[in-house]
Amino acid sequence: MKKMVILCVLVMCFAFAAAAEEIESRDLTGRSDDGLLLFKSEDGKFQFMLDGRINLIAAMYSGNENPMSNGIEVRRGRLGFKPVWGDWSAQFDIDFTGVEAEIKDMWIGYGGFKNMMITLGNHKGQFSVEEVTSSRFITFIERAIPNAFAPDRRIGLSVTKWGKNWRAFAGLFGEEAVNADETDTNEALNYNLRLSFLPLLKDNAFIHIGGAFGHSQPNATDEGTVRFRARSETHVEDTRFLTTGKIKKVASWDQYGLELAASFGPVLLQGEYMSVKVNRLEDEIDAKFSGYYAFASWMVTGEKRPYSIEEGEPAGRIYPKKKSLGAFELAARISNLNLNHAESEIMGGEGNNITLAANWYPYPNLKFAVNYVMVNNDEYATADGDYPGNDDFNVFQFGFYYSF
Amino acid sequence: MKKMVILCVLVMCFAFAAAAEEIESRDLTGRSDDGLLLFKSEDGKFQFMLDGRINLIAAMYSGNENPMSNGIEVRRGRLGFKPVWGDWSAQFDIDFTGVEAEIKDMWIGYGGFKNMMITLGNHKGQFSVEEVTSSRFITFIERAIPNAFAPDRRIGLSVTKWGKNWRAFAGLFGEEAVNADETDTNEALNYNLRLSFLPLLKDNAFIHIGGAFGHSQPNATDEGTVRFRARSETHVEDTRFLTTGKIKKVASWDQYGLELAASFGPVLLQGEYMSVKVNRLEDEIDAKFSGYYAFASWMVTGEKRPYSIEEGEPAGRIYPKKKSLGAFELAARISNLNLNHAESEIMGGEGNNITLAANWYPYPNLKFAVNYVMVNNDEYATADGDYPGNDDFNVFQFGFYYSF
Amino acid sequence: MKKMVILCVLVMCFAFAAAAEEIESRDLTGRSDDGLLLFKSEDGKFQFMLDGRINLIAAMYSGNENPMSNGIEVRRGRLGFKPVWGDWSAQFDIDFTGVEAEIKDMWIGYGGFKNMMITLGNHKGQFSVEEVTSSRFITFIERAIPNAFAPDRRIGLSVTKWGKNWRAFAGLFGEEAVNADETDTNEALNYNLRLSFLPLLKDNAFIHIGGAFGHSQPNATDEGTVRFRARSETHVEDTRFLTTGKIKKVASWDQYGLELAASFGPVLLQGEYMSVKVNRLEDEIDAKFSGYYAFASWMVTGEKRPYSIEEGEPAGRIYPKKKSLGAFELAARISNLNLNHAESEIMGGEGNNITLAANWYPYPNLKFAVNYVMVNNDEYATADGDYPGNDDFNVFQFGFYYSF
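Residue numbers (the numbering used here), protein chains in the order written: chain B, 122 to 525; chain D, 122 to 525; chain W, 122 to 525.
These are calculated hints, taken from the structure and not from any lab test.
There could be a bad hint or two in this list.
A pair counts as met if it fits within one copy or between any two copies, since identical chains are not told apart.
[Claimed, not checked] DSS-like, lysine-lysine: derived pairs with alpha carbons at most 27 Å apart:
(1) LYS442 to LYS282
(2) LYS235 to LYS443
(3) LYS282 to LYS444
(4) LYS370 to LYS443
(5) LYS444 to LYS166
(6) LYS166 to LYS203
(7) LYS443 to LYS166
(8) LYS398 to LYS235
(9) LYS235 to LYS370
(10) LYS235 to LYS409
(11) LYS323 to LYS442
(12) LYS370 to LYS442
(13) LYS235 to LYS442
(14) LYS285 to LYS425
(15) LYS235 to LYS444
(16) LYS166 to LYS409
(17) LYS409 to LYS282
(18) LYS442 to LYS425
(19) LYS442 to LYS166
(20) LYS425 to LYS444
(21) LYS203 to LYS367
(22) LYS282 to LYS367
Model the full structure from these sequences, guided by the hints.
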């Protein structure tokens with residue numbers, strides 16, 4: 122009940138803050154921007170963008186002891202609409218790849234205050250810069266294993282404010298839009314903050330320092346649960362060897378994240394450290410888990426890396442310097458996720474992965490990616506006891522990305 | 122078989138009636154009409170409208186004896202296309218909020234005869250003016266409990282004809298587009314009529330008097346069933362305390378509805394009475410149920426209420442007089458649904474609800490709504506025996522509506 | 122693993138073959154082409170087409186011994202996007218009629234080489250000209266029973282090359298995009314070839330001679346299976362009387378198809394013969410099945426039949442000569458599917474159907490169809506033992522097709 126009051130008050134603030142200016146109807150001009158479809162009024166106050174994505178992946182496993190299925194998959198088949206009218210904007214995104222059509226971003230935003238965006242609806246909390254980065258722009262085929270700590274999209278209200286070289290995000294979130302698993306953590310209440318500073322932000326270089334904090338509570342009832350788990354940076358094989366299983370008697374959990382990213386011309390360095398503390402009820406001992414990753418990427422063909430201060434992400438389309446060749450990128454990543462915590466007797470497994478990657482962008486809206494992932498799992502990485510642990514294997518995977 | 126022949130004959134009439142005129146291709150101009158996206162040829166004969174809706178709701182329950190979950194929900198996430206070419210038009214609407222994408226309006230219409238529309242495909246039968254009113258335009262967050270009697274969209278054929286101050290609708294319907302529950306009443310054959318008269322219809326005032334009749338048969342087989350049920354004007358908590366359960370040995374059922382609506386400037390008064398008679402097989406006694414609601418609404422900021430004679434609904438976008446403030450509305454509703462019928466020994470429960478509402482329209486395509494619903498259920502309102510009856514509770518709910 | 126390497130090599134070839142030319146952003150002009158919505162740049166290099174389809178069917182059964190349900194159905198409710206930018210094109214199609222939204226065409230194509238298209242993603246293998254023909258353009262309400270042998274859309278890579286009077290297609294395919302049934306044949310690896318020659322191809326006449334070969338393997342594991350089955354050219358009643366059941370111990374299967382189509386003015390003649398040989402493991406005897414159909418169609422109102430050398434299909438919109446009347450077509454088809462093979466002791470049943478059809482096209486994007494199907498099933502047509510065989514029945518069905 123207290124939660125509801127807080128949310129309603131915030132929403133009311135949002136509502137009355139929105140002093141609608143006088144805008145009327147406009148003629149729109151269609152435009153195909155490097156494969157995008159955009160409709161825009163002459164003064165730019167009305168826009169309508171279509172956002173479609175096709176992402177195919179293929180994966181092949183070797184060295185595995187547990188059975189794994191090589192295969193091909195439509196990883197993302199997403200359709201979205203992004204209207205803008207005056208100070209207002211909205212997003213309506215659906216993904217069609219699962220057994221059910223899934224609501225992704227579905228929110229409305231008010232941008233009538235300077236350098237500020239208020240967002241209401243289903244959207245991402247902001248914990249981890251790699252999670253915040255759109256799947257269109259991530260460097261590797263899959264996000265790194267510590268992504269296990271990043272929350273999914275939830276229905277909530279958030280405020281983002283930014284300046285010339287800083288950005289702050291605060292959000293309050295409730296349930297997931299689709300309650301696929303009622304017993305899961307999707308009923309949690311969650312709030313989180315994310316701050317980023319840019320000591321350097323030039324046309325062809327930037328340094329991003331960020332930090333995030335999140336606090337979550339399981340839904341009301343006496344015995345809350347939470348679970349952290351990760352696939353081994355591959356999605357065709359669905360097994361999540363690293364998993365805490367459902368931790369019981371959970372009062373709440375706190376998350377801490379540190380982000381570093383820097384780019385100088387065609388080079389991008391990025392790393393994160395994340396930890397989570399699970400506060401437990403009664404005599405249960407609090408549990409702690411952590412993870413990190415670091416990667417380096419080099420645009421061999423010399424393209425610079427975009428950075429968006431509004432979105433707080435070192436991401437955007439790559440525009441090949443030589444249009445006839447496209448752009449070419451090489452990258453390497455190490456990652457760690459440690460779900461073992463001896464004191465609380467939760468041994469969910471630890472993984473250490475190394476990834477080598479090559480990307481080719483023949484056109485700003487196309488990407489071909491090849492990744493080689495070397496997975497090193499410890500003896501507790503048993504998918505909650507379903508499989509023998511200590512399964513070290515390699516993944517050769519191919520990804521194809523297209524967005525219109 | 123007889124049904125099929127009737128349908129085919131009607132469809133053939135529809136087909137041969139459609140004397141296609143000579144229209145060719147046209148250039149279209151994009152236009153954003155207060156947040157809508159519309160493409161239109163200069164002569165207006167070709168149009169293409171995109172219809173998107175995001176509807177979020179939050180609900181908090183108090184005073185309840187049975188367990189109820191406060192929560193947030195994406196109530197509607199709908200995407201539609203509305204093409205018009207010459208005398209023809211069509212609608213293609215999908216809702217993405219459930220566990221499956223659900224077909225809503227999916228029909229084609231022929232409007233080549235004066236003041237007439239012939240519609241073939243999945244669309245609503247017209248029983249109850251509140252049901253007919255688009256979810257974009259209803260005054261309260263949820264429709265009133267007697268909506269239990271209103272039929273869902275079904276595949277069918279209908280003819281609508283209207284004059285300056287009257288409108289008539291006749292439809293013949295078969296199955297629902299999605300047969301989620303094969304044992305439910307979705308296989309029924311249904312026909313219905315709806316008539317409305319407007320003794321007063323001016324720019325800023327109208328009086329609507331309407332009546333509707335519907336006749337339905339369960340699917341063939343020996344033992345047909347039907348069920349009437351309603352949520353307590355809230356959707357987050359899914360329990361339908363008021364329900365007849367599946368009534369067996371049903372030959373057919375007849376529905377009667379009376380509609381009154383009147384608006385004078387910023388005031389709107391609306392009420393309906395509905396009743397249903399279930400005709401039963403063998404020695405079973407026929408069952409009778411009824412319901413009603415009445416509401417008053419006042420646009421505090423003085424906006425008039427739109428009325429559409431073509432659609433037969435007192436509804437449309439509210440255009441705020443003061444654009445910087447938006448429009449503000451206050452409303453109150455009483456409603457009753459009585460699913461008790463002692464003679465036939467079907468005691469589905471009776472509910473009496475009172476709702477207070479405040480709506481704010483910062484922009485013609487945005488609405489923030491707050492409702493306070495006082496639910497008064499009788500001892501038989503047990504959700505078919507699942508819960509103790511006599512649970513009187515209050516709902517505080519918040520709704521946000523956006524359409525593009 | 123070998124499969125994966127082949128696929129990756131092919132994909133790489135595709136990638137590096139694509140020498141992107143220099144194209145930039147363009148203004149687009151909206152255009153409604155006989156009910157279509159198309160956005161196009163002046164030079165035609167950028168295009169964006171919306172492809173929506175509504176297909177309703179109604180069916181009535183008579184003479185059947187097994188129970189069959191008359192009914193109405195939304196057979197197809199499909200939404201697609203077809204962007205073209207320079208040498209690249211893509212398709213993004215979703216069908217919403219089932220219990221889940223289903224990915225249909227979802228691919229990207231490169232057309233930078235003369236008279237050639239390279240396609241990567243979810244698309245159809247090309248076996249059977251009737252299968253290749255879009256559901257918007259097929260002559261009868263349902264494809265003929267030998268369609269049991271045509272493969273579904275799968276994720277794969279294909280190359281199509283055509284000349285003035287010939288066309289060649291080669292494709293390599295893996296899994297289906299949606300793995301609804303993991304135990305089914307959807308994990309198979311498949312490659313197929315299709316060749317077509319046109320000894321005659323004029324504006325108002327053509328002769329198409331085609332042949333196709335396909336080779337498929339069930340997924341890895343020791344005991345592969347495959348199943349061939351067909352509904353009796355009706356979709357409302359879902360029973361597939363003709364079915365081999367899951368054939369076990371399958372090493373691979375080979376498919377052979379022969380296609381003939383010829384049109385002279387308003388007349389279209391078309392026929393196909395298909396056979397499949399299932400190569401089995403251990404001592405099991407190889408199984409052989411076959412099927413054929415032939416039809417004749419006559420546009421009573423005199424319209425000619427389109428043929429697309431690029432698509433390799435005798436299909437396209439019918440533009441009525443007299444716009445006020447529309448176009449009218451009469452057609453008849455015989456079809457046979459023989460899933461009996463005594464030697465291997467697989468007796469899946471044999472069916473012989475005769476169909477009479479009448480189609481009316483009031484507008485190029487609208488079609489009303491009536492079909493009368495006389496089904497003659499043998500004693501083994503038992504839906505894998507679920508029903509008594511020898512059920513000969515008639516189907517009267519009605520179809521309505523709309524595309525925008």
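Status of each hint after checking the structure:
1. LYS442 to LYS282: Neither way: LYS442 and LYS282 sit 33 Å apart in one copy and 31 Å across, limit 27 Å.
2. LYS235 to LYS443: Answer is between: at 23 Å across copies they meet the 27 Å cutoff, but 37 Å inside does not.
3. LYS282 to LYS444: The answer is between: 26 Å across copies meets 27 Å, while 36 Å in one copy does not.
4. LYS370 to LYS443: neither (58 Å within a copy, 53 Å between copies)
5. LYS444 to LYS166: between (31 Å within a copy, 16 Å between copies)
6. LYS166 to LYS203: both (13 Å within a copy, 24 Å between copies)
7. LYS443 to LYS166: Only across copies: LYS443 and LYS166 sit 20 Å apart there, 33 Å inside one copy, limit 27 Å.
8. LYS398 to LYS235: neither (36 Å within a copy, 60 Å between copies)
9. LYS235 to LYS370: Answer is neither; intra-copy 44 Å and inter-copy 66 Å both fail.
10. LYS235 to LYS409: neither (40 Å within a copy, 60 Å between copies)
11. LYS323 to LYS442: Cα proximity of LYS323 and LYS442: one copy only (19 Å, versus 46 Å across).
12. LYS370 to LYS442: neither (56 Å within a copy, 54 Å between copies)
13. LYS235 to LYS442: Answer is between; shortest inter-copy Cα gap is 26 Å, intra-copy 34 Å.
14. LYS285 to LYS425: For LYS285 and LYS425, the Cα distance is within 27 Å only inside one copy (20 Å; across copies 45 Å).
15. LYS235 to LYS444: between (37 Å within a copy, 20 Å between copies)
16. LYS166 to LYS409: neither (48 Å within a copy, 56 Å between copies)
17. LYS409 to LYS282: neither (31 Å within a copy, 59 Å between copies)
18. LYS442 to LYS425: within (10 Å within a copy, 49 Å between copies)
19. LYS442 to LYS166: between (31 Å within a copy, 21 Å between copies)
20. LYS425 to LYS444: Within one copy only: 15 Å inside a chain, 44 Å across chains, cut-off 27 Å.
21. LYS203 to LYS367: Neither. Shortest intra-copy (37 Å) and inter-copy (44 Å) distances fail the 27 Å Cα cut-off.
22. LYS282 to LYS367: neither (36 Å within a copy, 55 Å between copies)
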